[in-house]
Each structure stands twice: as C-alpha cells, then as structure tokens.
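Colleague: Each chain is listed here by its residues.
Number of protein chains: 2
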Amino acid sequence: MLAPGKKSSTLIVAGILTLVTSSQGIFTTASKVDGHYEYNFGTIVLLAELFKLCFSLYNLRRELILKPESTQMTKDWRTVSLFLVPSAIYLAQNNVQFLFLKYVDPSSYQVLGNLKIASTGILFRLFLKRRLSTLKWVALVLLLIGATTSQLDTCGHKVLSAPIQGYLFGLLSASLSGFAAVYTEYIMKKNNDSLYWQNAQLYFFGVCFNLINLTYQDVRVGFNNGFWLMTPFHGYNMWTYLVVCTLSSSGLLVSWIMKYADSIVKVYATSMAMLVTMVVSILLFGQTPTLQLMLGILTATASLQMYYMSHDDLFMHSKDSNLMLTGVLVDSAKDSKS
Amino acid sequence: MLAPGKKSSTLIVAGILTLVTSSQGIFTTASKVDGHYEYNFGTIVLLAELFKLCFSLYNLRRELILKPESTQMTKDWRTVSLFLVPSAIYLAQNNVQFLFLKYVDPSSYQVLGNLKIASTGILFRLFLKRRLSTLKWVALVLLLIGATTSQLDTCGHKVLSAPIQGYLFGLLSASLSGFAAVYTEYIMKKNNDSLYWQNAQLYFFGVCFNLINLTYQDVRVGFNNGFWLMTPFHGYNMWTYLVVCTLSSSGLLVSWIMKYADSIVKVYATSMAMLVTMVVSILLFGQTPTLQLMLGILTATASLQMYYMSHDDLFMHSKDSNLMLTGVLVDSAKDSKS
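For the record, the sequence lines run as chains A and B. In terms of the numbering used here, the first sequence opens at residue 1 and continues consecutively. In terms of the numbering used here, the second sequence opens at residue 1 and continues consecutively.
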C-alpha cells in the first residue's frame, strides 16, 4: 500500500503521534486544579487551531518562495469548501458526545468510544473503497477488543447497562468520528496540492467554527460565565499551555498521516496512545497495573503485528526468527527440522 | 500439515471434543449435592479408564479379526513402556495442582491454568520439533489472552497477588500439562501401530496408576473414610454417570486427535470448550453475560481463524468475502475498486 521509502517515515510519524497523544492525555489530567478544569476547554482548541494555521501559512509561504513551480494550490471554491466539512463534523460530534455522556456512565462511555475503530474501518472500506484482507479485518477487531479489555472495570457499576438512546448516541458518535477521519483522508489525497495549503484551509475553517462555537456557548447561558474573549486565558497554568502544544502537534501529525499514509495508521496511533497513557498514569500515580491492562496491551500489540507485518514475516517459520515481538512465546531452538 | 481428507474429519472430531468437554464441565457441576461432591472423584477417573480400556480391547479384537494383515502391534517392552509415562505425568500433575491451589486463590488458579496453552505450544516446538509461523504463534498468544480475558474478575480479591511459590507451581503444572500432551502425540505417531492397540496400552497403565493412587489416598488418611473398594459407587447420581461417559469419550477423542491431528488441535478444542461451558452456564443458571466473556470469545474466535484459516482465505480481500466470521465487521459493498 505504501512505497518502501514512505513506510519508514510513516512509522516515525505514527510513533511521534502516539507519544504526543499520550502526553496530551497526561497533561490534560495534570492541568486540573483540585480535580477541576479552571479554564474553558474551547479556548484551548481555538488556540491550537490558530497555532496550526500560523504554522501552515508560514511553511506555505516558505514553500512558495523556495520551490514555486512544484507547490500546487487549487483555489476554486468547490475544492476549498470541502475543507469546511471536517470542522462541521467536529462541531456536530462535540454535541453528540455531550448527549451520549448524558445517557451512559463514564465507563461505558469509554468502552463504547472504541467503536470508532470499527467505524473507521468500515467507512475506510465503504467510502474510500479500500479493500482489506480478512487478516486485516481480524486485526482491527482485535484492536477494538484490546482497547476495550484494557478499560474493563467489572467492579461497582454495571458496564453496558445504559438505555438504548445511550447506545444510539454512541454509535452516532463513533460514526461521526470515523467519517471525519476518512473524509479528511479523502480531501487530503484528492489532489497533489501542497500539504501546507490544504492544512491552511482546514485550520482556517477550524478557527472560524471554534470562534462561533465559543461565542454560542456563552450566548446559550446568557453570559453567566462572562464572555470568553474578555478572559481568554482564564485559569491557564503551565500544563494548559503544554496541552495546547500537544493538541497542535498531534493535529499537524494527523494531517501528514492522512495525506501520506491512511486513516488506519491514525486509528492505531491513537489507540496505542490510549494504552501508553494508562501505563504512564500507573507509573506516575503509583497505582498497581491491572491484569486487564496487560491483556489489552498484548492484544493490541498482536493486532498491530498482524496488520503491519509483511506477508513473508508473518509466514516465516520460527527457525528464522528467534525473538518474538509479543515477548511471551520465545523460541530458542537453533537447529531443527520441520 | 494435514492431508485435505483428514482435515474435515479433524474438524468434526475437534467439534465433538469441544461439546463433550463442555458437557463434562456442566455435568460435573450438576453432580454436586448441596454444593459438595458426595463421591470420590478418583473412582470416576478409574471407571472412565476402565471403560476406555474395554472399548479399545473390543475394537482391537474386531480389527484383528476383520483385517489381521493391516493391524500393526509393536509389543517389545521398550515401546510398551513409553505408554507408562502419560499416566505417571497425570499423577504427578494431580499432586502439583493440589499444591498450586494451596498457594493461589481460585480465580488466579483459573487464570494461570491457561498457561498450558503457551507451554503446549513451546513444547510442541521444542520436543516435537514442529515449526510454527509467526502468525500461528501470535494466534496461540491470542488464545491464551482470550481464555484469560473471559475469566477476568476484577472485583473483590486481587487477581495474581499470590506468593512466588504459587506461580512456580502454576508454571510446573502448565509444563506438565503441555508435556503430557506433546508426549502422547509423540508416542501415538511414533509408528503405524493400530490406534486401538496404542489406546489399550495407554489405558491399561491408566487403570493401574489409578488403582494405586486410590488405594494410596486411603492409606494416607489411615482409612478414615473407609476403603474405596468397599463402596466404589458411593454418592453417585445420574450426573456422576454422565461425567464418566463424557470423561471416557473425551479421552478417546483426544487419542484420535493425537494420532491423526496434533496437540494444538486439542488445545483449541479444550479452550473453546471452556468458553462454551461459560456461555451454557449463563444460559442454564440465568446469569447476565459479562463483557469480558464476550471479549474473550471474540479474541479466541479470531485466534482460531488466524491459526486454521488457509493462507489464501486470510489474504483474500473483502470484495470476495461478504460475510466476516467474527460477525462484527460486515462488509456489504458489492462492487468496488482497490
């Protein structure tokens, strides 16, 4: 699917995205004061969109100066308007998630959130017409299982006992998330336009939608919390700025992945990031690791191996591979016959 | 690995073994009276060994009458003595499991019991020198994960917090279990002797060892519970006889699998049986199915598919397969391009 040269850069970008996304989770938790966010989360998203827009415009300008011939920019409105859609989906999904959380408990919310792995796979197939082998489908199902297993909390409240509306909003939220991913991939790959030009359009609409959304939220509550523009950085601390940094970087990395790799790479990177976050949280906050987290990590690793290992490596017999990636079954015999 | 003709009969035998083994679990539970076994479990094992011996001798005799030329029987002591070993391992394992249970809680006991999947795979590779592809190793790890996930009980007691002795006995028990399997496969395939002749030797030693063990157990406690031979069927009920039937049938089916298929088929059949038993128990006893059971079943199914699906089917693209076995991801698009 990918050219050999592209494959190693994809691996690096996906690895960085995993680390940045997991840091984002940790920084977000760290930015809480007494268990509460003292800032308006919407302003963080807006700041990140602004940063990404400036970054992209700066690089686009540089590209236009350095190699004006090879920098392609499609400017007709029909193409530009396509970049409006991801921001619109993002806004819609925000509202659906809010409704979703009203019907389900946080644990089910987290578990059902993994359905975006399935929805991305299905929409990748249906919308982008990309065919996956049976083995890759099985791998995606296993990624979903691994992510869910790691979050299992059988104690206390019953998981998955929400009213039917909860599941419907969960499905809708997952579908929107999957659609946002494959749609972005579609517009990024539609033509050979400069990545920076495509990003600039994407983030321009992102900034607009976020400005409208922030204002709308304040209007909705009759300016009870004041107007965001008056105190945009209210409640910010060091961690909040780090969240802005990671949010901006992950956005830029995802754009790159959508143009040069695909939505499935993104799904793997973010799912792995979720697991890394859980492990780091345990290390940072001195909790004991759970068996379900270990099982989830093993399953997700097996899934990754199945999806991305080359055909020859998967069917290589153990004589040739003395060390197994999964680390559980180690084959140490050197010389053997079939 | 298997001839195409043998493949379908292996599938049937493995399927029957799965059903028989899961019935065995349910019958064993049903044979309890007020939550206790009123009979001596050792006598059940002895009865089953006796039944299998008679069955094998009867069929051996028939075979010798019907086709005397093709019925091969190696009778030298060196070969016969090999059949002594599985019974000896079985006895040893019984004692190790007893010690194992002394150190760990029942939940950890169950979870650690799944290590026999790994030990069978490793010994299959080391002892029988059979090479497995990376994909098959990953499949075995996933079977282990699926079995463990289904048993997850994060509530109440802490899983896997046993003293180190517990883990060592668990490892020893798993190793013995794996070794018994691959050793039996080795002796069954060593020559072209009649399966019934091989069974007769296996079960003859089984009867001997069980007679000795039952008597030893009574001697050990100074005949406080009487002598087993005086009241061999004490406390038996209808379910107890059904346990004898299923125990005998599963033994004969495993022998067949060891001669004509392999230890890994047995591991899959018994692991799947464990999952079937859990589902049937839920249906029979009106419990609500847990999320971890569903995840475990999905993982084990994915593993089965990876291990046994043909190379071409695994790499077939979704255009050709409209229905996925796993049932989660369904691809309904008919006409598409790559």
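Hints in this document: simulated from the structure, not taken from any laboratory. Incorrect hints may have been included.
What the hints assert, rightly or not - Derived EDC-like pairs: lysine to aspartate or glutamate, alpha-carbon spacing no greater than 16 Å straight-line:
no., chain 1, residue 1, chain 2, residue 2
1, B, K190, B, D76
2, B, K67, B, D153
3, A, K189, A, D312
4, A, K136, B, D193
5, B, K136, A, D193
6, A, K190, A, D312
7, A, K67, A, D153
8, A, K75, A, D153
9, A, K136, B, D312
10, B, K136, A, D76
As the list claims (entries may be wrong) - Among chain B residues calculated to face chain A with C-beta under 8 Å, some are:
no., residue
11, V138
12, L211
13, L214
14, T215
15, D218
16, Q287
17, P289
18, L293
19, T299
20, L304
21, M306
22, M309
23, S310
24, M316
These figures come from a predicted structure and were not determined experimentally. In this text, a Cβ means the ideal position worked out from N, Cα and C, and glycines have one as well.
Colleague: Which of the listed hints are not met by the structure?
Modeller: Structure breaks hints 2, 3, 4, 5, 6, 7, 8, 10, 12, 13, 14, 15, 16, 17, 18, 20 and 23.
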